[in-house]
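Residue numbers (the working numbering), protein chains in the order written: chain S, 232 to 544; chain X, 17 to 678.
Read the hints as simulated data drawn from the structure, not as lab findings. Watch out, some of these pointers could steer you wrong.
Unchecked claim - Just so you have them, the derived chain S footprint on chain X, three or more residues with Cβ under 8 Å:
no. : region
1   : 281 to 292
2   : 480 to 490
3   : 536 to 544
4   : 551 to 562
5   : 637 to 648
Ideal placement from N, C-alpha and C gives every residue a C-beta, glycine not left out.
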Amino acid sequence: MAIEQFVSVALALVLSPLLLGVINRVKAIFAGRTGQPLLQAYYDLAKLLRKGAVYSRTTTWVFRAGPTIGLGSTLAALMLVPMGGTPALVSFSGDLVLFAYLLGLARFFTVSAALDTGSAFEGMGASREVQFAAVAEPALLLGLAALAARTHSLSLSGIFAGSASSAAAHGPAIFQWWLQMGPIVLLVGGAFFIVFLAENARIPVDDPNTHLELTMIHEVMVLDHSGPDLAFIQYGAALKHWVIGALVVGSLLPVHPAHPVWTPVVAVAGMLALAVVVGVVESVMARLRLLSVPHLLMGALALSVVALVLVIY
Amino acid sequence: MLLCLVAVGILVSSGLVALAVPGKSRAALVIGAAGAVVGCVLAAIPAVGVLATGETLSLNCAWNMPLGSFHIALDGLSAFFLIVIALVSAVAAIYGVGYLDAWRGKKALGPACLFYNLLVASMMFVVLARNGVLFLVAWEVMSLASFFLVTFESEKPGVREAGWTYLVATHLGTAFLLVLFVMLGQGSASLDFDVFATFGASAPHLASLAFILAVIGFGTKAGFIPLHVWLPEAHPAAPSHVSAVMSGVMIKTGIYGLIRVILFLGPPPMWWGVALVGIGITSGVLGVLFALAQHDLKRLLAYHSVENIGIITLGLGVGMIGLSRGVPAIAALGFAGALLHVLNHAVFKGLLFLGAGSVLHATHTGEIDHLGGLLKRMPWTGVTFLVGCVAIVGLPPLNGFVSEFLIYFGAFKGVVGTGPLSVISCLATIGGLALIGGLAAACFAKAFGIVFLGEPRSEHATQARECGGSMKFAMVTLAVACVAFGLLGPMMVAGVAPAVAGASSLAPADAMRELGPAVGCLASVVLVAAVLIIMIGSLLLLRYALLKGRTVTQSGTWDCGYARPTARMQYTASSFAKPLTRMFRFFLRTQSAVNMPDETFPKEAAVSTHTPDAFRRRVWQPVFQWVSKQLEQVRQIQHGRLQLYVLYIAVVLLILLVWKMR
Numbered sequence: 232m233a234i235e236q237f238v239s240v241a242l243a244l245v246l247s248p249l250l251l252g253v254i255n256r257v258k259a260i261f262a263g264r265t266g267q268p269l270l271q272a273y274y275d276l277a278k279l280l281r282k283g284a285v286y287s288r289t290t291t292w293v294f295r296a297g298p299t300i301g302l303g304s305t306l307a308a309l310m311l312v313p314m315g316g317t318p319a320l321v322s323f324s325g326d327l328v329l330f331a332y333l334l335g336l337a338r339f340f341t342v343s344a345a346l347d348t349g350s351a352f353e354g355m356g357a358s359r360e361v362q363f364a365a366v367a368e369p370a371l372l373l374g375l376a377a378l379a380a381r382t383h384s385l386s387l388s389g390i391f392a393g394s395a396s397s398a399a400a401h402g403p404a405i406f407q408w409w410l411q412m413g414p415i416v417l418l419v420g421g422a423f424f425i426v427f428l429a430e431n432a433r434i435p436v437d438d439p440n441t442h443l444e445l446t447m448i449h450e451v452m453v454l455d456h457s458g459p460d461l462a463f464i465q466y467g468a469a470l471k472h473w474v475i476g477a478l479v480v481g482s483l484l485p486v487h488p489a490h491p492v493w494t495p496v497v498a499v500a501g502m503l504a505l506a507v508v509v510g511v512v513e514s515v516m517a518r519l520r521l522l523s524v525p526h527l528l529m530g531a532l533a534l535s536v537v538a539l540v541l542v543i544y
Numbered sequence: 017m018l019l020c021l022v023a024v025g026i027l028v029s030s031g032l033v034a035l036a037v038p039g040k041s042r043a044a045l046v047i048g049a050a051g052a053v054v055g056c057v058l059a060a061i062p063a064v065g066v067l068a069t070g071e072t073l074s075l076n077c078a079w080n081m082p083l084g085s086f087h088i089a090l091d092g093l094s095a096f097f098l099i100v101i102a103l104v105s106a107v108a109a110i111y112g113v114g115y116l117d118a119w120r121g122k123k124a125l126g127p128a129c130l131f132y133n134l135l136v137a138s139m140m141f142v143v144l145a146r147n148g149v150l151f152l153v154a155w156e157v158m159s160l161a162s163f164f165l166v167t168f169e170s171e172k173p174g175v176r177e178a179g180w181t182y183l184v185a186t187h188l189g190t191a192f193l194l195v196l197f198v199m200l201g202q203g204s205a206s207l208d209f210d211v212f213a214t215f216g217a218s219a220p221h222l223a224s225l226a227f228i229l230a231v232i233g234f235g236t237k238a239g240f241i242p243l244h245v246w247l248p249e250a251h252p253a254a255p256s257h258v259s260a261v262m263s264g265v266m267i268k269t270g271i272y273g274l275i276r277v278i279l280f281l282g283p284p285p286m287w288w289g290v291a292l293v294g295i296g297i298t299s300g301v302l303g304v305l306f307a308l309a310q311h312d313l314k315r316l317l318a319y320h321s322v323e324n325i326g327i328i329t330l331g332l333g334v335g336m337i338g339l340s341r342g343v344p345a346i347a348a349l350g351f352a353g354a355l356l357h358v359l360n361h362a363v364f365k366g367l368l369f370l371g372a373g374s375v376l377h378a379t380h381t382g383e384i385d386h387l388g389g390l391l392k393r394m395p396w397t398g399v400t401f402l403v404g405c406v407a408i409v410g411l412p413p414l415n416g417f418v419s420e421f422l423i424y425f426g427a428f429k430g431v432v433g434t435g436p437l438s439v440i441s442c443l444a445t446i447g448g449l450a451l452i453g454g455l456a457a458a459c460f461a462k463a464f465g466i467v468f469l470g471e472p473r474s475e476h477a478t479q480a481r482e483c484g485g486s487m488k489f490a491m492v493t494l495a496v497a498c499v500a501f502g503l504l505g506p507m508m509v510a511g512v513a514p515a516v517a518g519a520s521s522l523a524p525a526d527a528m529r530e531l532g533p534a535v536g537c538l539a540s541v542v543l544v545a546a547v548l549i550i551m552i553g554s555l556l557l558l559r560y561a562l563l564k565g566r567t568v569t570q571s572g573t574w575d576c577g578y579a580r581p582t583a584r585m586q587y588t589a590s591s592f593a594k595p596l597t598r599m600f601r602f603f604l605r606t607q608s609a610v611n612m613p614d615e616t617f618p619k620e621a622a623v624s625t626h627t628p629d630a631f632r633r634r635v636w637q638p639v640f641q642w643v644s645k646q647l648e649q650v651r652q653i654q655h656g657r658l659q660l661y662v663l664y665i666a667v668v669l670l671i672l673l674v675w676k677m678r
């Protein structure tokens, strides 16, 4: 195991809350506000970790274990995600399935914890979460299948290293690589981006700023958590931005710098750019009606399928 | 081999003893269950030996039955299924002691014990038999024994109707098998499986017809959509430990039969694999959709059996595609995934039915919307049910993930350069599995969340008590198996390699070699799972350390300022599933009756939904109505005049005599 692999995991652990800060700053600039500090997510986490907790009398141990299992699974998923050209900490054929299912494990326990409160609001959020995930999951896995078929590799690290090396093989003629691969990369990247927005509860699927309206999904599910549990949830959410974001960035920007020192720099720059794009999307779009969210996700599925057709023929 | 016969003997004789025990004592239950456990253990010993050594045991005696011989054998494939049968049946028998106790004094329990043991013995014979006649006899005993178990509570009209549906369906399936076996044995004086094995070479033009007959005949037992209609009726009607055996094990004999017959038919053409993938996706997706729309716990679980049979069939389809494409790696992965899912589904579905049984036992209702908050009242049932839910959804690190991983792995391998038809099938498998996984997660979040979490929604649920020792023991055993089979995934794959070789007609050494990479990958999965468990453990410690000495208070659930939240305000199972059932309303055709609140201060308002089986209502009901209408005319010869009946007999005898003398 090379040192870069540990560096990229450490970067993810440290920098993921910064993504939220960047998104919020971009939104503030669009709205002409000063906005919250870039490091607000860190301050929130520090404050929550210092607090006690309040639990509903209805809840059981499932409610208390939910945030911990959610964060633990997201951390395990992080081990499987490559950063740019740097392979993941653990990689093996078929790790992409494990990746998707680890996120599924986190979701299952978040949803169970929400149902444990017996609150109609949280039940509503849980119901929507599982609905959207059921459509997002095929989109993610078929997109990965498209990349797997193109690079003839069954591991996330292999897929992204394959893209990076095929891009590097063109050398200065990277333009030609884009002409060849551009459509597939854009389609899969687009599908992953929609999955990113849905899984991370961003506009146009969900609004991360409010939780009291009937349209909310993720924020309303965690309404009853407090103290360290809430900190775990918020940190887990930030990490989830990072791990799915790494898929989007990795598929769209298969860049493999000549010197290994530059690899994490490029990767982090890509993640920050993604955060800026998300901020722009959130500023210029309204949230979709709940009934049309599945259509958006079906769109992601369609993008994946079209990419597959392009790869195969 | 002898041990297997002894096991069957013990099963049957202990059943008979249980039948002879006078009504009101507990002894019948204990004797029956003890016989079942001993029989299962004895049968499992040679099976484990066969899987470990890879040899085949067999026994062939003459039998004075036309076309029959008493030919039984235990090869890798049979041994694997025998272990599945023995494991779940033994555990469910122990559970049955506690479960059936509730009927003691009200009902004769001897017959239930006898039929249970007969069911287990006949399932063992089904996988051991190597002669068509013997197989069909065992098959029929299995169907009849389970019919009498399904109709255990025959005083309820719903149960009688379910039993009737089951009886008709299973015999229609058997009719196809009869035709199939006669066809396979054509031109020979024996229906021995050794004769069948030459069928592929001697009559290749009929192979596809035989395949179709096998899919229909065995598919009826396994529950392929649209042949599944008996399943959601019969499984909920049976006592819960019987549901566990029927859903977990008995329907798998259909899968066993299908694999066995396909082996007779020679090298499979491409379209068989594609057809199985198609059947798998249809059964998988529609099964889970119908499950989502149910609000009876056992009915929901029964539909999930249809879904899991779909997943198993997907694995078989991928394996067959690998065979016909000549890529042994894909074949081995597909068959290994399918077989392991047979075992895994038996374990977690058995567990879930037992859990549902103890909910039923404690609350006397299986209506999900009347339950809630049971985790506090029934901690053992709750925790083991949660383990079963996580396992059936296929989440790591439990056993469901291992088998689904293998099928995914095979399908991903098939995506790369195997020709258009197989690539499309493999992609459909990936997409289908992902969709099934997502929907199953939704369904089991609902089943666990609404039944065990939150506040109780009815008086029954409030007063629920944990079940007794034997039931707890059974559930804990299966839950431990779910965890162990998940964490020992690499070893499990290596262990089923002989069965995979038997099912895919690869050489055992080849099967082992092709599964090698998958074993390596599963070892990495276990590594990640270990890290996951350590990480969750240390996070729990961190959380404990952080909260120590701080104020941790209890309060009501935050309901956005509303002062008095009640249990009735909780989200229900129907409302939880509503977005998804709405999305797929085209398939589900849910009927709802709404009583809208109309005045300013409405007194009552209600909504009720009901999702009948679309295939039963739209396909089979019209067909059977038509048939019974046509048969009305035949009733003219049934008029109750005894003299004329005697005349019929005489005429038939005369015709037979003339025909024979010809």
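Here is what the structure says about each hint:
no.	hint	in the structure
1	281 to 292	violated (count 0)
2	480 to 490	violated (count 0)
3	536 to 544	holds (count 6)
4	551 to 562	holds (count 7)
5	637 to 648	violated (count 0)
Violation of the numbered hints given earlier is confined to hints 1, 2, 5; the remaining hints are satisfied by the structure.
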